[in-house]
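Following the hints, complete the assembly by docking chain B onto the known chain A.
There are 2 protein chains.
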Amino acid sequence: MIKTSQRGLLMPSSPIRKLVPFAEAAKRKGIHVHHLNIGQPDIETPAVCLDAVRNSHFKILEYSHSAGNESYRKKLVTYYERNNIHVTKDEIIVTTGGSEAILFGFMACLDPGDEVIIPEPFYANYNGFAVQAGVTVIPIKSSIEDGFSLPPIEEFEKAISPKTKAIVVCNPNNPTGYLYSAEEMNILKEIVIKHQLFLFADEAYREFCYQGTHVSAMHLNGAENHVILMDTISKRYSACGGRIGAFVTKNKDVLNIAMKFAQARLSPPYYAQLLGEAAVDLPENYFDTTKAEYLLRRNTLVARLNEIEGVFCPNPGGAFYAMARLPIDDSDLFCQWLLESFSHNNQTIMLAPATGFYSTEGLGKDEVRLAYVLNVEAIHQAMDCLEEALKQYPRRS
Amino acid sequence: MIKTSQRGLLMPSSPIRKLVPFAEAAKRKGIHVHHLNIGQPDIETPAVCLDAVRNSHFKILEYSHSAGNESYRKKLVTYYERNNIHVTKDEIIVTTGGSEAILFGFMACLDPGDEVIIPEPFYANYNGFAVQAGVTVIPIKSSIEDGFSLPPIEEFEKAISPKTKAIVVCNPNNPTGYLYSAEEMNILKEIVIKHQLFLFADEAYREFCYQGTHVSAMHLNGAENHVILMDTISKRYSACGGRIGAFVTKNKDVLNIAMKFAQARLSPPYYAQLLGEAAVDLPENYFDTTKAEYLLRRNTLVARLNEIEGVFCPNPGGAFYAMARLPIDDSDLFCQWLLESFSHNNQTIMLAPATGFYSTEGLGKDEVRLAYVLNVEAIHQAMDCLEEALKQYPRRS
Numbered sequence: 094m095i096k097t098s099q100r101g102l103l104m105p106s107s108p109i110r111k112l113v114p115f116a117e118a119a120k121r122k123g124i125h126v127h128h129l130n131i132g133q134p135d136i137e138t139p140a141v142c143l144d145a146v147r148n149s150h151f152k153i154l155e156y157s158h159s160a161g162n163e164s165y166r167k168k169l170v171t172y173y174e175r176n177n178i179h180v181t182k183d184e185i186i187v188t189t190g191g192s193e194a195i196l197f198g199f200m201a202c203l204d205p206g207d208e209v210i211i212p213e214p215f216y217a218n219y220n221g222f223a224v225q226a227g228v229t230v231i232p233i234k235s236s237i238e239d240g241f242s243l244p245p246i247e248e249f250e251k252a253i254s255p256k257t258k259a260i261v262v263c264n265p266n267n268p269t270g271y272l273y274s275a276e277e278m279n280i281l282k283e284i285v286i287k288h289q290l291f292l293f294a295d296e297a298y299r300e301f302c303y304q305g306t307h308v309s310a311m312h313l314n315g316a317e318n319h320v321i322l323m324d325t326i327s328k329r330y331s332a333c334g335g336r337i338g339a340f341v342t343k344n345k346d347v348l349n350i351a352m353k354f355a356q357a358r359l360s361p362p363y364y365a366q367l368l369g370e371a372a373v374d375l376p377e378n379y380f381d382t383t384k385a386e387y388l389l390r391r392n393t394l395v396a397r398l399n400e401i402e403g404v405f406c407p408n409p410g411g412a413f414y415a416m417a418r419l420p421i422d423d424s425d426l427f428c429q430w431l432l433e434s435f436s437h438n439n440q441t442i443m444l445a446p447a448t449g450f451y452s453t454e455g456l457g458k459d460e461v462r463l464a465y466v467l468n469v470e471a472i473h474q475a476m477d478c479l480e481e482a483l484k485q486y487p488r489r490s
Numbered sequence: 094m095i096k097t098s099q100r101g102l103l104m105p106s107s108p109i110r111k112l113v114p115f116a117e118a119a120k121r122k123g124i125h126v127h128h129l130n131i132g133q134p135d136i137e138t139p140a141v142c143l144d145a146v147r148n149s150h151f152k153i154l155e156y157s158h159s160a161g162n163e164s165y166r167k168k169l170v171t172y173y174e175r176n177n178i179h180v181t182k183d184e185i186i187v188t189t190g191g192s193e194a195i196l197f198g199f200m201a202c203l204d205p206g207d208e209v210i211i212p213e214p215f216y217a218n219y220n221g222f223a224v225q226a227g228v229t230v231i232p233i234k235s236s237i238e239d240g241f242s243l244p245p246i247e248e249f250e251k252a253i254s255p256k257t258k259a260i261v262v263c264n265p266n267n268p269t270g271y272l273y274s275a276e277e278m279n280i281l282k283e284i285v286i287k288h289q290l291f292l293f294a295d296e297a298y299r300e301f302c303y304q305g306t307h308v309s310a311m312h313l314n315g316a317e318n319h320v321i322l323m324d325t326i327s328k329r330y331s332a333c334g335g336r337i338g339a340f341v342t343k344n345k346d347v348l349n350i351a352m353k354f355a356q357a358r359l360s361p362p363y364y365a366q367l368l369g370e371a372a373v374d375l376p377e378n379y380f381d382t383t384k385a386e387y388l389l390r391r392n393t394l395v396a397r398l399n400e401i402e403g404v405f406c407p408n409p410g411g412a413f414y415a416m417a418r419l420p421i422d423d424s425d426l427f428c429q430w431l432l433e434s435f436s437h438n439n440q441t442i443m444l445a446p447a448t449g450f451y452s453t454e455g456l457g458k459d460e461v462r463l464a465y466v467l468n469v470e471a472i473h474q475a476m477d478c479l480e481e482a483l484k485q486y487p488r489r490s
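In order, the protein sequences belong to chains A and B.
Numbers given in my numbering equal positions in the first sequence, counted from 1, plus 93.
Numbers given in my numbering equal positions in the second sequence, counted from 1, plus 93.
Don't take every hint at face value.
A pair counts as met if it fits within one copy or between any two copies, since identical chains are not told apart.
Think about it this way: if two alpha-carbon atoms lie no more than 25 Å apart in a straight line, the pair counts; the simulated DMTMM-like pairs of lysine to aspartate or glutamate are [claimed, not checked]:
| no. | residue 1 | residue 2 |
| --- | --- | --- |
| 1 | 168 | 377 |
| 2 | 168 | 155 |
| 3 | 120 | 433 |
| 4 | 122 | 163 |
Note that these hints are calculated values from the structure, not bench results.
The following block holds chain A by itself, in its conformation from the complex (with noise of 0.2 Å):
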């Protein structure tokens, strides 16, 4: 019998997956399903970064560079100094997304038997990433009652091994939206420092914090050998189907070895890089709207979790996610139930259960995520759909 990898049945299943058959299920049935499911958001793509594709003139859709195109990385040198990112265009390498420079971090800087310490809850990816380069994911969890604030010192302290080669922070962060603050970020760097580890920083939702101001891990003096940026034009942008991101850094010795993988794979996507050209460009003022809108959705929706009887949601300082705790003993059967048996004025919601965000098991079961990519209006339907699921629920805890 011919047989597949161990690597390939240890890779994780999307979290989400198994509830599309009774999302589409419930659509079928004529409900609608409000999807606070995922992360891609309704806000539309700027039309001047569309545009830059649809008048895009050339007659060979050629390779670009394997490090992506010159003039893009020249233009993303300016957005990194506006924030106060300062990198030149040979320390950028334009990936496939975001999730190939983290694919690129992992490859690069890990080998199989190696740790990679993360905070848990985490971006439920990372985990097949780490089964790709045959790493260890040694979670820390961070807690609800703190907001998901970051694990203390002694929690890293505990962790490492002399295996342990990195840690992964996402900053603001998916899955809870926590935006770390400067102290942390130092501890960060600290830790990384003392016992010399690489520290990933996935900053995706750079641009949406409510609260505070983004500190990136790129500002770190003294810890520049140790931080790779992993970043992408994803929901920046609100253009996910690009496929653009970038891996940074200004470690050589990384940055020359990320190249031999990143011209294995020939080039990034020639398009969106056009797009995300465009969008260096945008008018500074272009965010203000964009954020001004999640932040009246964040608000809308903690306030609305937190009046439900029994919930507890802290309030995320950014990107577009919120954890909330629900009076459920199994979110996976939960989710399950609100497409399958429940509806409210024929509307129901789908929501991610928080299990596949831990790496322990067992954690999560009464915490679902919410990405607030719907409008205000939505979301009190949304919400008014979960006061009354959580009321009908026959195994509320």
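Chain B only, in chain A's frame:
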């Protein structure tokens, strides 16, 4: 000291990359460099395909389905049907270039320590994907005297060990241009069935066959569970920068596992799926013009090469590459010398040293790969250069 991964150090550099600074220096001296070193076609991307992107009118550039847009996969079914390959839309995963299809195949079917057999010379980037997957490439030598035909079955039998899990066949071949016959494909079928191996079929150049017909690995009745097709639109429609390929198999287990890798990276690029969709509707005679052009170039190139004293070039049956044996002792040094120390009528040529395509140390030192991606006039000028260069080359053997 913070250290990169061993895997990263093992990762091969692009075999051509080290020549780039010499090409740039030659250009700065005002010398025209004929690029026969890369597989970037000069054929225009069909305007109707580029228009499909230019005329796109969505307002949000959303993720596509992780397996690719359903509308595109349905179109691909008809494309494959025309090539006598019978698959459903659910047996296709749209990938980020052929590169990602190869990586998915290695990751889904092979574990670290497993072996994959590849007739050499072979596409250099297979090495890079093997390093990423922790897999060992076992080369079997095909020889220029036989025009790089499939090595005898005994050579495969000798190379197969308990760790062998797959064979890679690139047909028509890059770098040799060799087109495998029905008999050879059947030999591969027998081997993979007898030894329960996967057959990874890279058919990027399917349309470019100049004598005989293309036998796809997907045509091998009885090997359905073994065959994984790794495909791309890059060369077919001169759309290399789009980064759209396909992973196609009838093996359900492999498909399910590859989908987990596809989900981890969320989605393939959106734009070039529109291009690929339009390409399927190109008139049936679209490839006739392109093929006629490549055929003329091949005939010109091969004839000119074989007219040069001491040069031997077998006539390649497909793709747009030719491998030639030259009267030289070190193809890396020769290719560098061409750029650094030679010019003829203020022109020179950039070739790919064949050493980069062999896995066995020492092979390919008297061979180069030539990509006939230039028009006939440029090919004549390039061959004038080569002829003169071989007269002048001080290390001629």
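Status of each hint after checking the structure:
For a Cα distance limit of 25 Å, the shortest separation of residue 168 from residue 377 inside one copy, 15 Å, qualifies, whereas the shortest one across copies, 42 Å, does not. Proximity of residue 168 and residue 155 under a CA criterion of 25 Å is satisfied in both settings, with 20 Å inside one chain copy and 23 Å between copies. Taking the shortest alpha-carbon separations for residue 120 and residue 433, only the intra-copy value of 10 Å comes in at or below 25 Å, while the best inter-copy value is 66 Å. Taking the closest pair of Cα atoms, residue 122 and residue 163 come within 25 Å of each other only across two copies (22 Å); inside a single copy the shortest separation is 51 Å, beyond that limit.
The structure fails none of the hints (numbered hints given earlier).
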